[in-house]
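Chains as they are written, first to last, in my numbering: chain A, 5 to 324; chain B, 5 to 334.
Certain hints may be false.
From the structure, some residues in chain A lie toward chain B, with a derived Cβ separation under 7 Å [stated by the list, open to error]:
| # | residue |
| --- | --- |
| 1 | Ile30 |
| 2 | Leu34 |
| 3 | Ser36 |
| 4 | Ala37 |
| 5 | Leu143 |
| 6 | Ser147 |
| 7 | Phe151 |
| 8 | Tyr159 |
| 9 | Leu160 |
| 10 | Met217 |
| 11 | Val256 |
| 12 | Asn263 |
| 13 | Ser287 |
| 14 | Thr296 |
Chain B regions said to be covered by chain A (calculated; three or more residues, Cβ under 8 Å) [to be verified]:
| # | stretch |
| --- | --- |
| 15 | 165-174 |
| 16 | 266-276 |
| 17 | 293-302 |
| 18 | 317-325 |
Calculated from the structure, these hints are not laboratory results.
We treat Cβ as the ideally placed atom computed from N, Cα and C, and that holds for glycine.
This is what each chain is made of:
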Amino acid sequence: MGRYIIRRILWGIAMLFIVSAVVFFIFYVLPSADPAVLRAGRNAGPQQIAQIRHSLGLDKPIWQQYLIYVRQVFLHFDFGYSYQYNVPVRQLIFSRLPATIWLTVGAVIIWLALGLTVGIISAVRRRSIVDRASMTTSLAFISAPVFWLGLVSLYLFADDIGQFPIFPGQGSFASASTVFQKAGAMILPWCVLAAATSAVYARYMRASMIDTMGEDYIRTARAKGLPERTVIRRHAVRSAITPIVTLLGLDVGILLAGNAILTETVFNIPGVGRLLYNAINVSDLTTIQGITLFGAFFIVFFNLIVDIGYAYLDPRVRYT
Amino acid sequence: MSVSTTSDLELAEAEAGAAVELVAGGDIAARSPWELFVRRFREDKFALVSIGFLVLLVLVAIFAPVVCSLVGAPGPYKADTNALDLFGQPTGPSSAHLFGVDQLGRDVFSRVVYGARVSLLVAFVSTAITTVIGVFLGLFAGYYRGWVDTLVSRTVDAWLAIPYLLLAIGLASACSFGTGCVGGLVKPGVPVVIAVIALTSWTYPARIIRGQVLSLREKEFVDAARSLGASNRRIIVKELLPNLAAPIIVFVTTFVPTAILFEAALSFLGVGVQPPTPSWGQMISDASLNIQSQWWYMLFPGLALLFTVLAFNFVGDAMTDALNPRTRKS
């Protein structure tokens with residue numbers, strides 16, 4: 005176990021270097037415009053541009069720029085400085101994380117409850133009307149663009165502009181003060197964000213359940229006279245859910261890292277994704293770079309923790 | 005063209021085969037894999053309707069100017085201030101403008117029709133590039149193993165560690181804010197979107213193909229070819245590639261709808277297709293400023309997106325089932 009953890013941590017550190025090199029490549033090597041002008045954003049004077057060029061070493065050869073960049077990231081945990089907001093990007097990200105966590109946690113609960121239930125029922129009642137209807141519906145949810153679904157839900161249900169004013173609308177999370185108000189403001193975003201993902205999970209769970217139901221030990225469980233409910237609950241679901249757990253770890257990590265940008269943009273939730281959207285709007289390249297790098301680091305850490313937890317739960321993983 | 009004629013031929017053959025089977029009663033008819041595929045695929049009614057819809061959509065996209073003039077729509081770029089009301093606000097659906105007009109007085113119907121062009125072009129080209137890169141790297145990594153495999157697999161791992169939307173936004177903004185990227189080779193707009201989708205997504209086919217090749221290369225027919233003196237190149241092209249047809253087809257059909265949604269999302273966020281070129285995602289973004297009073301501008305591009313992606317997904321689903329009987333629904 006100890007050996008596995010050490011090996012996994014070393015690989016994680018290597019990954020951080022590889023990933024930061026990829027980000028460096030994207031933001032320093034790819035663009036063909038003047039890098040200092042790109043970083044200064046709109047409405048920057050020549051003096052400011054010259055200052056940025058000097059402080060980031062953009063006039064030096066590319067390998068020296070890379071050394072400066074690596075030193076900043078790994079020694080100072082510095083994800084860059086936003087010239088639009090006049091604050092370090094790291095500080096911006098941390099101030100936005102709570103809203104993103106709010107959004108992610110609620111959506112995860114909804115999509116797990118919905119997706120797993122539908123998936124299990126579909127697998128057990130395979131080829132029935134229920135199965136076909138739910139699989140077709142799930143495909144429709146996967147096909148709907150999440151930002152459009154968000155706008156339609158606002159048009160229908162938001163309490164300020166909706167046709168049926170039931171739920172708090174756009175921007176209500178930012179102005180909410182109590183926990184209940186915040187949860188109320190999140191009802192629509194949670195449902196919209198969970199819609200497509202719960203459909204994906206229902207389909208995964210169904211496939212995984214159908215695979216498991218064909219295993220020998222299910223036949224054994226039935227043969228020894230266990231009621232079908234027990235066979236499904238204690239033997240099939242338990243084992244079919246394992247691949248879903250791995251998937252869940254990655255999906256949650258990706259959302260927390262800023263991939264919920266579409267939902268956060270539509271509902272005006274002040275999270276990491278909305279920060280990224282604002283950065284796009286003002287052409288703030290350093291903030292975008294910082295969020296991308298932060299997201300990648302976050303996923304590497306998250307994967308490390310998930311892997312170690314997994315090895316702790318399932319001894320087979322440690323020896324492969 | 006030749007592809008469609010052969011498939012028509014084979015369809016007719018498959019029908020003839022079914023007829024023979026009926027006449028002969030209990031006899032077992034020999035069927036080629038293609039016949040089996042067509043028979044299974046035809047069972048899925050949703051998929052057949054979807055194919056009809058998609059053929060229509062492609063025709064509409066190709067003949068967009070004709071379609072617009074047929075219904076008397078003014079085209080996607082003409083800003084008609086007469087179509088705005090007394091307060092300068094856009095007007096809704098009418099006989100002159102089927103889907104209403106946008107804030108600039110441009111005809112929404114024309115923009116939806118021309119948006120299909122952009123959407124399909126980006127989806128098809130980016131899927132083709134993604135698939136070629138992925139299959140090429142997956143084949144090499146799986147076949148040669150060793151350091152080639154290590155290099156490809158580790159790069160894939162690093163790529164997957166960056167959340168795909170962040171990676172795409174990073175790439176797109178690095179290429180869109182200035183004069184383009186790779187020394188001005190990739191210009192902002194449609195080329196950037198295509199490059200971004202391909203660069204973000206090649207890892208998925210690469211992983212699938214590598215896995216398939218790893219097991220295929222140990223099969224007897226590869227040994228047989230090698231013992232007959234076949235070169236590596238011949239084994240890859242003549243022995244391995246034909247056996248990868250099924251996973252490649254499945255990837256392509258499931259990736260096209262993903263690419264359409266990807267383009268729409270990037271355009272919605274402002275780093276995709278640049279105005280004034282009409283794109284469904286960017287239209288929805290414009291519409292989001294005032295959804296309460298101008299519902300038509302949000303509704304129609306959204307429905308176009310939903311139906312197109314849904315149709316591709318139905319076809320992809322039926323394709324996957326038909327090629328892989330183990331996962332079949334019915």
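For the hint on Leu34(A), just tell me whether its beta-carbon gets within less than 7 Å of chain B. Status holds, d = 4 Å.
Restraint satisfaction for Val256(A) [CB to CB of chain B, less than 7 Å]: Since chain B brings no Cβ nearer than about 11 Å to Val256(A), farther than 7 Å, the hint is violated.
Min Cβ distance, Leu160(A) to chain B: is it shorter than 7 Å? For Leu160(A), the interface hint is violated, since the closest Cβ of chain B sits about 10 Å away, which is over 7 Å.
Going by Cβ atoms only, is Phe151(A) closer than 7 Å to chain B? At 5 Å from the nearest chain B Cβ, Phe151(A) passes the 7 Å test, so the hint holds.
Cut-off 7 Å, beta-carbon criterion: hint that Ser147(A) touches chain B: Holds, because the Cβ-Cβ distance from Ser147(A) to chain B comes to roughly 4 Å (cut-off 7 Å).
Holds or violated: the stretch 165-174 of chain B covered by chain A, criterion of 3 or more residues with Cβ-Cβ distance under 8 Å? Since 9 is at least three, the answer is holds.
Was the hint right that Leu143(A) lines chain B, CB cutoff 7 Å? 5 Å, holds
Per the coverage rule (Cβ-Cβ under 8 Å, at least three residues), is the stretch 317-325 of chain B covered by chain A? With 3 residues close enough to chain A, the hint holds.
For the restraint on Ser36(A), tell me whether the closest CB of chain B is nearer than 7 Å. 5 Å, holds
Can the hint on Asn263(A) be confirmed by a CB-to-CB distance to chain B that is less than 7 Å? 5 Å, holds
Is the interface hint for Ala37(A) satisfied, with its Cβ closer than 7 Å to some Cβ of chain B? Hint holds; Ala37(A) Cβ to chain B Cβ min 2 Å, cut 7 Å.
Taking the closest Cβ pair, is Thr296(A) under 7 Å from chain B? This hint holds: Thr296(A) lies near chain B, its Cβ roughly 4 Å from the closest one there, short of 7 Å.
The structure fails to meet hints 9, 10, 11 from the earlier list, while all remaining hints are met.
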